[in-house]
Structures are given as C-alpha cells and as structure tokens.
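Undergrad: The lines below spell out each chain.
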Amino acid sequence: MTDLTKLTIAEARDGLKNKDYTSLELTEAFIGNIEAANASLNAYVTVTADKARDMAKASDAKLAKGDGGALEGIPLGIKDLFATKGVHTQACSHILDGFKPPYDSTVTSNLWADGAVMLGKLNMDEFAMGSSNETSYYGPVVNPWRKQGSNQDLVPGGSSGGSATAVAARMCMGATATDTGGSIRQPAAFTGTVGIKPTYGRCSRWGVVAFASSLDQAGPIAHTVRDSAILLKSMASVDPKDTTSVDIEVPDYEAAIGKSVKGLKIGIPAEYRMDGMPGEIEELWQKGIQWLKDAGAEIVDISMPHTKYALPAYYIVAPAEASSNLARYDGVRYGLRVPGKDILEMYENTRAEGFGEEVKRRILIGTYVLSAGYYDAYYLKAQKVRTLIKRDFDLAWQNGVDAILTPATPSAAFGVADQELHSDPVRMYLNDIFTVTVNMAGLPGISVPAGLDKDGLPLGLQLIGKPFDESTLFQVGQVLEDAAGSFEPEKWWG
Amino acid sequence: MSVDTDTVKRVAHLARIKVSEEDATRMTGELNAILGFVEQLDEVNIDGVEPLNSVVEQTMKKRPDGVTDGNKARDIIANAPASEDNFFIVPKVVE
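Protein chains in written order, with the UniProt record's numbering: chain A, 1 to 494; chain B, 1 to 95.
If you are wondering where the hints come from, they were derived from the structure by calculation, not from laboratory data.
Heads up, some of the hints might be wrong.
Unchecked claim - Lysine-lysine pairs mimicking DSS-like chemistry, simulated, CA-CA at most 27 Å apart:
# : chain 1 : residue 1 : chain 2 : residue 2
1 : B       : Lys9      : A       : Lys341
2 : B       : Lys9      : A       : Lys241
3 : B       : Lys92     : A       : Lys241
4 : A       : Lys85     : A       : Lys57
5 : B       : Lys72     : A       : Lys51
6 : B       : Lys61     : B       : Lys72
7 : B       : Lys92     : A       : Lys341
8 : B       : Lys72     : A       : Lys241
9 : A       : Lys100    : B       : Lys72
As the list claims (entries may be wrong) - Which residues of chain B face chain A? A partial, calculated answer using Cβ under 7 Å:
#  : residue
10 : Leu41
11 : Glu50
12 : Ala80
13 : Pro81
As the list claims (entries may be wrong) - Covered by chain A, according to a simulated footprint, are these stretches of chain B (three or more residues, beta-carbon under 8 Å):
#  : stretch
14 : 9-21
15 : 25-31
16 : 56-69
17 : 85-94
Using N, Cα and C, we set each Cβ at its ideal position, and we do this for glycine too.
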C-alpha cells in the first residue's frame with residue numbers, strides 16, 4: 001500500500017470518498033509518524049490518539065453512507081493557541097498550566113463540523129511571541145530540514161513552528177496556525193510549506209488565546225496551495241461571537257485555483273529590497289517575477305515608502321495590546337498559582353514564574369508605552385504610522401494592482417540557540433520585516449515555497465492581496481507552486 | 001527615550017511581575033534596545049494623520065441586549081487553582 005502520509009488533503013478527500021482506504025487507516029498512519037518523529041522534532045505537546053481514532057471511526061461511518069463534510073476524515077494538527085474542549089490549551093506557556101477549556105474555538109468547531117480529525121496540539125512560541133519556536137515552555141521545535149552535509153538542528157520559525165514542522169515532516173495533513181506579525185508565513189517559508197494569513201476579520205478569533213487583538217488572525221499551514229485553500233474555506237466563517245468577524249460570505253477558494261493569471265497586475269515594491277539582504281533572496285524574487293511574467297501577468301514597479309516603519313510600529317502596538325490581554329493571567333481563575341504573603345505578592349510571584357523571558361519583555365514594553373505620559377509619544381504615534389502603512393497599500397490597489405509579490409523572509413532557517421540572534425532581541429524581530437506590514441494593514445498574505453538556497457534549505461515568496469481577496473492569492477500562488485515544484489526534506493528523524 | 005533600572009522596576013510592579021535586582025538590570029538593557037529601535041518612528045511626518053483604530057471598515061456589530069448564555073458556574077470555576085462552592089478562593093484582601 002502507498003504511504004498514506006504522503007497524500008495531499010485533496011487526494012485523501014478523493015481516496016476516502018472512493019473508499020480506497022478509511023479515515024482510521026489514514027489516522028493510524030499519522031499517529032505512527034508522530035510516535036516515530038516527535039522525540040526528535042518536538043512538534044506536538046499533546047497527542048490525542050484515542051480521540052483521533054474515535055473521530056476517524058465516526059467519519060468512516062459517515063463516508064460509508066456517502067455523507068460527510070468538506071474535510072471528512074482528514075487528520076489535522078491544532079496549534080496550542082486554539083481552545084479545544086477538554087484538551088491541553090496552554091499557548092505553550094507555564095502560566096496556563098493544566099488549562100483545559102470546556103469549549104472549542106469557533107475555528108476548531110468549524111473544522112470538526114466539516115469532519116476533520118484532531119491528532120493533537122502543536123508546539124508554538126509562548127503566547128505566539130517569537131520567530132523561532134524557542135520561547136515555548138515545552139522546548140524548541142526542530143525543523144525537519146537540515147543544511148546539506150550538516151546535522152545541526154535548525155529552527156522551524158515561529159510562532160507556528162510546531163504547525164510548520166508537523167506538516168513538513170508528515171505528522172499531520174495540515175495544521176491550524178495563527179499570525180500576528182508573520183507567525184504563519186515565516187515558519188511556512190522555513191519548512192517548504194504553504195501558509196496563508198487571511199484578511200483580518202476572516203477567521204473568528206473567538207476561543208483563540210489573544211496576543212495582540214488588532215493583529216491576530218488564524219490561518220492554515222499545508223503542503224500545497226490547494227490544500228491551504230481547502231482548509232481556509234472550513235476555518236473561515238462569519239461569527240457573531242467575534243465583533244471583528246466580517247459579514248462577508250466565505251467564497252469557494254478552490255474555484256480560483258487553475259485560473260489563468262493573464263492580465264493580472266502584480267506589484268513589486270522597491271522598498272522590500274533591504275540593505276544587507278542575501279543575494280539568494282533577491283534571485284528568488286527575480287525568479288518569481290519571471291514565472292508570473294511567463295504566465296501572462298503584468299509586472300509593475302510600485303513604491304511603499306513606509307515599509308521600514310512597520311516593524312518599529314509593530315513593536316509598540318503588539319506589546320501594548322499584549323500587556324492588556326495578558327493581564328488576565330493572575331493565578332485566580334485558571335492556570336498556575338504561586339502563593340505569596342498577600343494577593344499582590346501572589347499575582348507578582350505567579351506572573352514572574354509563569355511567563356517566560358520574551359513574554360515578560362513584551363509585557364514590560366507594552367506597560368511602559370501605555371503608562372501615563374507616554375501614550376501619545378508611543379502608542380498614538382504608532383497607530384498614526386499604521387494609517388500611513390495601510391495608505392501605501394490602498395494606493396497600490398487604487399492603481400489597479402491585483403497582488404504584490406515580495407520575499408517571505410530575509411533568510412533561510414537558522415540554528416537552534418543561535419548566539420547572535422539571542423544576544424539582541426531586535427535581531428530576532430527582523431525576521432518579520434517582510435510579513436509584518438501585512439498584519440499592520442489587516443491584509444491577506446500567503447507564503448509559497450519557491451526554491452532552495454545554496455545549503456539546500458527552503459525559501460518562500462510572499463503574495464499580498466486586497467482585503468478579502470484571498471482567492472487571487474490562491475490563483476497566483478498556484479502559478480508559483482507549478483513553476484517552483486514541491487520540496488520534501490530528506491528523512492533523518494525516527 | 002530610554003529607561004533606567006528604577007523605571008523598569010516601577011513598570012514591572014505596574015505589570016505585577018516580580019523582578020529581582022539582577023533581572024531589572026538585564027531587562028533595562030533589553031528594553032532600551034527595543035526602545036532605541038522604535039525611535040525610528042520619529043523620522044515619520046504624522047502631522048494631520050488620523051490613528052488607525054480598525055483595519056476593517058465596518059461599523060461595530062450590535063445585538064439586542066439579552067441573556068444569551070449562562071448557568072455555567074461549574075464550567076467557569078473548573079480550571080481554578082482554588083475554589084469552593086462555585087467561588088474563586090484568593091488570599092484575604094480585607095482585614
């Protein structure tokens with residue numbers, strides 16, 4: 001029998017319908033891969049094998065009758081940020097120790113309603129704060145990719161590092177992820193997978209542990225552009241429980257795949273050509289431009305003068321919102337409690353022990369920029385700069401641009417415990433330089449694997465779209481995928 | 001703008017995070033690196049620019065004021081580190 005874990009979601013959907021194999025067989029194959037690989041890769045923080053088998057059997061019963069939803073019997077991994085009823089939901093933080101919500105997030109409810117099977121909860125940076133999955137309380141996730149001839153462990157990116165590794169190492173068919181500054185697209189680029197952050201308001205944030213509420217969005221990581229379209233269709237919804245959920249019907253994203261890009265206008269922003277950017281990234285970008293040109297798209301140079309200010313503005317807005325959101329972790333209602341002589345000391349002890357260093361850093365920055373006398377100088381200014389960043393994009397759309405092509409990251413994956421990156425927090429933040437603009441403007445962005453660097457590590461290209469025009473990203477993304485091909489790491493783990 | 005160790009301690013107290021002398025010294029350097037980085041924003045002319053409060057042009061959704069959920073006291077205290085009779089237990093706060 002063929003290795004079922006090598007199938008795409010689209011293929012498995014057809015195979016299940018044709019009864020070539022059952023969801024239980026498919027699910028067992030992934031449980032086997034998880035058991036073999038997790039000790040080396042640390043992608044899962046909890047494996048829900050029994051629950052997965054029960055869900056798979058229920059799906060098989062439906063499939064046998066010719067029923068079933070869009071994802072009937074498809075085994076998925078879920079980022080630890082999503083509330084899952086009765087199952088480990090801790091944002092990979094010590095402060096949420098033992099937390100098991102009595103409800104599911106809207107996104108996961110949508111997936112289960114469509115028949116998906118849950119394999120377990122995926123590792124991530126603590127509270128989604130990080131670009132390397134090294135801030136997790138559960139230890140770093142390891143990238144299944146290694147440099148040619150090297151056995152050094154590399155990071156899978158972050159914060160959705162567990163999601164990216166689990167997909168790339170065939171430990172699930174697809175995964176949920178979230179993106180506040182690049183946390184879907186950067187790990188996708190580092191692992192040779194596809195990741196899309198939809199428009200702000202497309203996926204409900206209800207039941208997703210909050211980091212920065214004006215920036216957070218859920219989206220999928222998968223093997224192919226088509227698979228990510230299938231997953232997003234099920235994850236997205238209009239939700240009365242999230243007031244920022246937008247009242248626009250979710251389109252059939254798959255219908256956009258295979259459509260010609262002839263005549264589409266693709267913008268190339270000059271300001272994404274950063275000083276000190278490796279030559280390989282520039283070459284990859286040029287290759288992407290050529291592929292789209294060959295497919296009939298019209299390439300236009302555009303200017304987005306406020307690009308370089310997106311990251312500094314983000315490091316005011318995101319910590320400010322995080323410091324408010326994370327105020328709820330006080331040792332009273334859930335999670336960790338560390339006693340103290342009075343309630344104040346209990347709060348301080350709990351938060352000192354429960355939060356990791358990066359999370360503390362961001363809470364302090366956020367508290368400082370929101371403190372009396374500094375609000376105008378920091379937060380208000382950052383929100384004004386955000387208006388200008390969004391205006392750069394609005395101008396491009398007004399000039400007829402359909403989508404924007406940029407590199408996804410300024411480098412390929414780097415080493416676990418990289419000394420240089422850890423000595424200066426700002427250097428780690430620069431990983432998100434190409435992705436963070438998209439969150440600041442609330443736009444959709446997709447990262448598509450586009451090639452390998454000189455060491456044999458994957459690199460991605462990013463497409464940015466108009467609000468709620470994810471369909472165009474899937475349409476253009478498919479052209480990139482067709483030209484670039486797909487990328488599979490050489491198996492070295494268990 | 002930069003912060004000194006006393007400011008870091010004051011902010012940590014506002015954020016209800018206990019910091020040791022050693023933590024505060026280390027964090028002072030880290031926070032100043034970040035504050036130095038965001039100083040770039042001073043180059044941007046923001047005269048007459050409105051702050052972006054929502055990326056989506058949508059009026060706030062409203063619903064009729066009514067009871068839509070409830071009677072879940074048990075669910076609500078289920079994850080509490082300490083509870084009794086559907087109440088959260090905390091150290092004594094009033095003498």
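Undergrad: Could you run down the list of hints and mark each one as holding or not?
TA: Structure-based check of all given hints:
1. Distance check on the hinted pair: Lys9 of chain B and Lys341 of chain A sit about 20 Å apart at the alpha-carbon level, within 27 Å; holds.
2. At most 27 Å may separate the alpha-carbon atoms for a hinted pair to count; Lys9 of chain B and Lys241 of chain A exceed this at roughly 38 Å.
3. With a CA separation close to 35 Å, the supplied pair Lys92 of chain B and Lys241 of chain A exceeds the 27 Å bound.
4. Simply put, Lys85 of chain A and Lys57 of chain A have alpha-carbon atoms about 19 Å apart, close enough for the 27 Å limit, and the pair holds.
5. For the proposed pair Lys72 of chain B and Lys51 of chain A, the alpha carbon gap of about 25 Å is at most 27 Å, so the pair holds.
6. Only pairs whose Cα atoms come within 27 Å are accepted, and Lys61 of chain B paired with Lys72 of chain B is accepted, the gap being roughly 25 Å.
7. A hinted pair counts as satisfied when its Cα atoms are at most 27 Å apart, and Lys92 of chain B with Lys341 of chain A qualifies at roughly 10 Å.
8. With a C-alpha separation of about 17 Å, the suggested pair Lys72 of chain B and Lys241 of chain A falls inside the 27 Å cut-off, and the hint holds.
9. In summary, the hint linking Lys100 of chain A to Lys72 of chain B is supported, as the alpha carbons are separated by about 15 Å, within the 27 Å threshold.
10. Interface hint status for Leu41 of chain B: upheld, as the beta-carbon distance to the closest one in chain A is roughly 5 Å, under 7 Å.
11. A cut of 7 Å between beta carbons decides the hint on Glu50 of chain B: the least distance to chain A is about 6 Å, and the hint holds.
12. With a cut of 7 Å, the hint placing Ala80 of chain B at the interface with chain A holds, because the nearest CB-to-CB distance is about 6 Å.
13. Interface restraint check: Pro81 of chain B against chain A, minimum CB-CB distance 4 Å, threshold 7 Å, status holds.
14. Counting residues of the stretch 9-21 of chain B whose C-beta sits closer than 8 Å to any C-beta of chain A gives 9, which meets the bar of three, so the coverage hint holds.
15. Counting residues of the stretch 25-31 of chain B whose CB lies closer than 8 Å to any CB of chain A gives 3, which reaches the minimum of 3, so the coverage claim holds.
16. Coverage of a stretch by a chain is defined here by at least three residues with a beta carbon nearer than 8 Å to that chain's beta carbons; for the stretch 56-69 of chain B and chain A the count is 5, and the condition holds.
17. Only residues whose beta carbon comes within less than 8 Å of a beta carbon in chain A count, and the stretch 85-94 of chain B has 5; three or more means the coverage holds.
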